[in-house]
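Engineer: Using the sequences and the accompanying hints, generate a full structural model.
Top line first, the protein sequences correspond to chains A and B.
Letter by letter, the first sequence follows residues 1 to 212 in the numbering used here.
Letter by letter, the second sequence follows residues 1 to 289 in the numbering used here.
Careful, some of the hints might be misleading.
In silico EDC-like cross-links for lysine to aspartate or glutamate, where the CA-CA straight-line distance does not exceed 16 Å [unchecked claim]:
hint: 1; chain 1: B; residue 1: 216; chain 2: B; residue 2: 233
hint: 2; chain 1: A; residue 1: 118; chain 2: B; residue 2: 30
hint: 3; chain 1: A; residue 1: 118; chain 2: B; residue 2: 201
hint: 4; chain 1: B; residue 1: 190; chain 2: B; residue 2: 172
hint: 5; chain 1: B; residue 1: 216; chain 2: B; residue 2: 201
hint: 6; chain 1: A; residue 1: 118; chain 2: B; residue 2: 233
hint: 7; chain 1: A; residue 1: 118; chain 2: B; residue 2: 155
A few chain A positions that, by computed beta-carbon distances, are all more than 10 Å from chain B [unchecked claim]:
hint: 8; residue: 42
hint: 9; residue: 53
hint: 10; residue: 104
hint: 11; residue: 110
hint: 12; residue: 115
hint: 13; residue: 147
hint: 14; residue: 211
Worth flagging that the hints you see were computed from the coordinates, not collected in a lab.
Don't be surprised by glycine CBs; every beta carbon is placed ideally from N, CA and C.
Listed here are the chains, written in short residue letters.
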Amino acid sequence: MSDSDLPAGVERREIAGETRLATRGPPVYGEPTADGWRAWDPRRSKLGGMFELGFVTGLTGGETVLYLGAASGTTVSHVADFAGPTYAVEFAPRPARDLLDAARPRDRLFPLLKDARKPESYAHVVEVDVDAIVQDVATRGQATVAARNARFLADDGRLLLAVKARSEDATADPSDVFDAALDELRETYEILETRRLDRYHEDHLGVVATPQ
Amino acid sequence: MTDTDAEAGWFAGRAAVAAARDRIANGEADQPRDWPALAVASGFADSTDDYYDRLHEETLGATRETVRERERADDQQLIHVVRAMDDCERTANELAERAAEWAGSLFDDPEPGIEGARAVADREPDGELERRAVSLAGRVTGLAAERDALAETIDRIAPAVAPNLAEMAGAELAARLIALAGGLESLAKKPSGTVQVLGAEDALFAHLSGRAPSPKHGIIYTHDYVRNTRPEDRGSAARALAGKLTLAARVDYYSGERRATLHEEIRERMATIRARAEAESDGGAEGGA
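Structural biologist: This is the structure we're talking about:
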């Protein structure tokens, strides 16, 4: 991909003898670093995988972001490095403890222990018209989660979604699961791009969408 | 923008630190708004930057406190919650029957059940007898609401108490298995054959005294993997699921870390078991292998 598609603040850097996707910020999970830049492993991050595969994410750097499914903060720490105010929603207490460590040195990363299926439980904290929603939740009903959270997204904003087939139905063919999820998404969003993330994440579909 | 807009935000009333954190953790709003601008307009923050600085501090604090509280919740607390939930549900249903029978003698066409009690509770009573009947219906809806609140608490604390078990079984079934075993430790120490029939003690003892076939499953019947597998494969499904649930409980008790391979393995095993039904409906070429 051409690096012009990468947001400002995300670069390809020489780290430990390899050219790696990287952002600048305090290290979080023992990732390799060089000159203050932290390698962003596309195998550990769906969004990192989408950048590596050349998705047109519409991100240019400095955006306000709502991140759903922040887990231990691996990916959201990279997002906060290049984006503006970043709201990180995570449901499980154990990973949220690690998320706190990632958020402490990042003064525009806001950790929230909330259920992404219940946006009204954080709509009094997360602002309206965010520029991007990044979603990586491993629960059933991933398209429903995206639809319910559309209330936060600006009209020209972007939804960057990784659909995990096995969270919806472990026994069904992933293509069928993806088709069903996309059909449901189309009720709320216009789909701009979809591609399988298999090179980095098995049975995952990357989706870029914008509100209808 | 008016003050009433700002009232809905977490920072309403320029709250003290403790109150602001409580609102972040437990507050609600139907719709998001431009909170940074509202906070500046209402005088809570001097500038957008100031607002974000305080939001960072308060979300860190609120989330740290909630995480600590959730992680403090242990298996014994979970058992109390699941038993209280069952008691509330049973009592609500029992009282709903009584309330419906009584209401039927006072009002036209009351509906049965919790929904019926809700309709009766909304009535304007006339006279002492109606007042008591309507009040009783109100207690029923209160108990039903308490049951729902307890169920939400289980959803929240079960993943903290037993992350792998809760992920594999779902929060409610995980809580029930722990309650039936008497704790996470004793669940972790049970053989998987026992976990498979937890909750089916009557059937198990009928079998042991020679009066019945061995039960295929206990409470784990409520899991989608068992219930939505065709009857002839349910024994296999229950055995496979019980095996992995036992391992999940052991990982949760002895290590507490999430183990992804465990969840992959049960998915693959279930796919294999369910593929039997498809193979047979495709002409039975593979037989019962």
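Engineer: Hint by hint, which ones does the structure fall short of?
Structural biologist: Hint check: 3, 4, 6, 10, 11 and 12 fail, others pass.
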